[in-house]
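Engineer: Protein chains in written order, with the working numbering: chain A, 1 to 246; chain B, 1001 to 1321.
Any given hint could turn out to be false.
[Claimed, not checked] Simulated crosslink set (DMTMM-like; lysine to aspartate or glutamate; CA at most 20 Å straight-line):
1) A:LYS213 to B:GLU1302
2) B:LYS1131 to B:GLU1041
3) A:LYS213 to B:GLU1306
4) A:LYS35 to A:GLU137
It should be emphasised that the hints constitute simulated quantities derived from the structure, not laboratory data.
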Amino acid sequence: MSRRQPRGGKRRPEIDLTTGVRSDGGLAIVEFGGKLLHTAPAGVTSSLRYLLARLQLNDPDEIPRRLAITSALHGEGVSYIARSLAAVMAHDLERMVCVVDMNWWSGGRNDPTSLGLADVVLRDHAADEVLVETVTENLWFMPAGTVELAGRPAVAKDPRLATALDDLERQFDHLIFDLPAVLATSDAIALARFADLYALVVRYGVTTVAQVKSALDELAGMPSIGLIVNRSDSSIPRVVRRLVGI
Amino acid sequence: MTFSIVVRLLETFFRRWYFYLVPFVAIVGLGLSNVSSTPTEFSSAGVITTSNASLLSELTEVGTRTPFTFETAASLTSRKISSLLGTDDFARRVAVGAGAGAALDSGAITLNSIRYSIATFPAGDELLTVKATTISAELSQRLAQSTIDTYIDEVIDVELTQAKTAETVLKNRLDRHERELETARTALADYVRENPEPALGGDRPFDEQVTIDQLSSTVERADMQFAETMNQYEEAQLVTEQTQADIDQRIRVVDPPQTPLVPEPKLRTTVLKMVLFMILGALMTITLVAVVTALDHTVRREADIEAQVGLDVVATVPNAR
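Please construct the entire structure, taking both the sequences and the accompanying hints into account.
Structural biologist: Right under this line is the structure:
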């Protein structure tokens, strides 16, 4: 069971929709039923494996149970990094991992008809009702659900959110929080406090140093694993890079 | 730090190399257009000898006193001609001397084009080459010749002015003294004629004798003044002649400019121009890249962001979607 490749052009890697593994060594998140939620090429998974290796360097259990992924600006690839990282963790570490989408501000992405975390917090739905199981063993996905614009700050501070997250923590080894941008909404700071550690995604060639500093100032006092530079893409030809010694 | 800047510059350039090459290509294109539209040129050169002192000036102490300098006579003259060409009067005289006065008046050529077409350069301590380059072989020859002639005229004009002025003043004084002498002689002769000497060898009356003595004394004084002024005038004439001879000895045309038969080879000029245009284009491209890099504060290198925010980059995810 695999996706057919288009004829001509560059050959795209095949995705095994039963395991979520790409033919190029990358990973994909596929919902039961065959719906593709996310795909990460080998280059991306390889970089995130380095990240995990660094975290486990001293202690294999060093990886935090609750890791928040956020950014300074909207559109820097927080969801992409959160899902890719979760896929790598579930696949490589064989631990129960759940991606918790807490980005209610990303309206276009969330299906207004589907249930999500917001329904667990505000409408007393059970977590099991909204959790999306994927074909990747150990990997689950919690959609954000929908919350009215005016109600979002209240959700971020709602004690029921803390309870819901505690319940999830009991079910999973690791929770990866997909948070909104820090400079886009102050709720990101409140949501980040539910995590043990956070990582700030910085989009290569887009985010300015000043914006990164501002975001870090907002998150001051919270423990961080560091920065994740996303979509790094040097335009310098390989020959020149070799000559210059980059 | 320097390495980081170089990497950022390279990154900026290669991100949109086609954009940054636009000024380079435009300038090189301009250079090609310039080179292809450059007409064939003809050069004519004349050689003159120049020296700071002549034998005559050393013997007679006549001529311009040049202060001690390490500069050779040729380079000094070269500099003088260049400076003179900077003046409108000299440049115009050169143009008129070359028969280009009408073209200058009509605006077909300008004083600047005259200036740019003439070059002087020393060819040794005392030899100086005067070269003119234009699109016409005849005009080049005439311009080079006119430059030499006008310069010599200028030197003669400057150095002979004093001697000529002295000569004119002395000539006026000489004429005046000549008239005074003539008047005194006429007055004496008239008086003697009106008062003839007494017959039979008698003495003149005392008052007559006194008057005659006075008139004779006036004649004698006028004669002395005339003789003295004549002497000075002759000396001034000598100085003028010596100065003229001194200039002739110091500045001589060795090789008069000839009408060139073949045009100047264009290859060297073409290559030189193209290299200059390429350097200019490269400078513009570098400037553009530098400005864009300076204005770009986005995150480009891990080391830069780590140093600036004090946090480690734990992963660099490639753009491999």
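Engineer: Taking the hints in turn, state whether each one holds.
Structural biologist: Against the structure, the hints:
1. A:LYS213 to B:GLU1302: 14 Å, holds
2. B:LYS1131 to B:GLU1041: 12 Å, holds
3. A:LYS213 to B:GLU1306: Judged against 20 Å, a Cα distance of about 11 Å means the pair holds.
4. A:LYS35 to A:GLU137: 16 Å, holds
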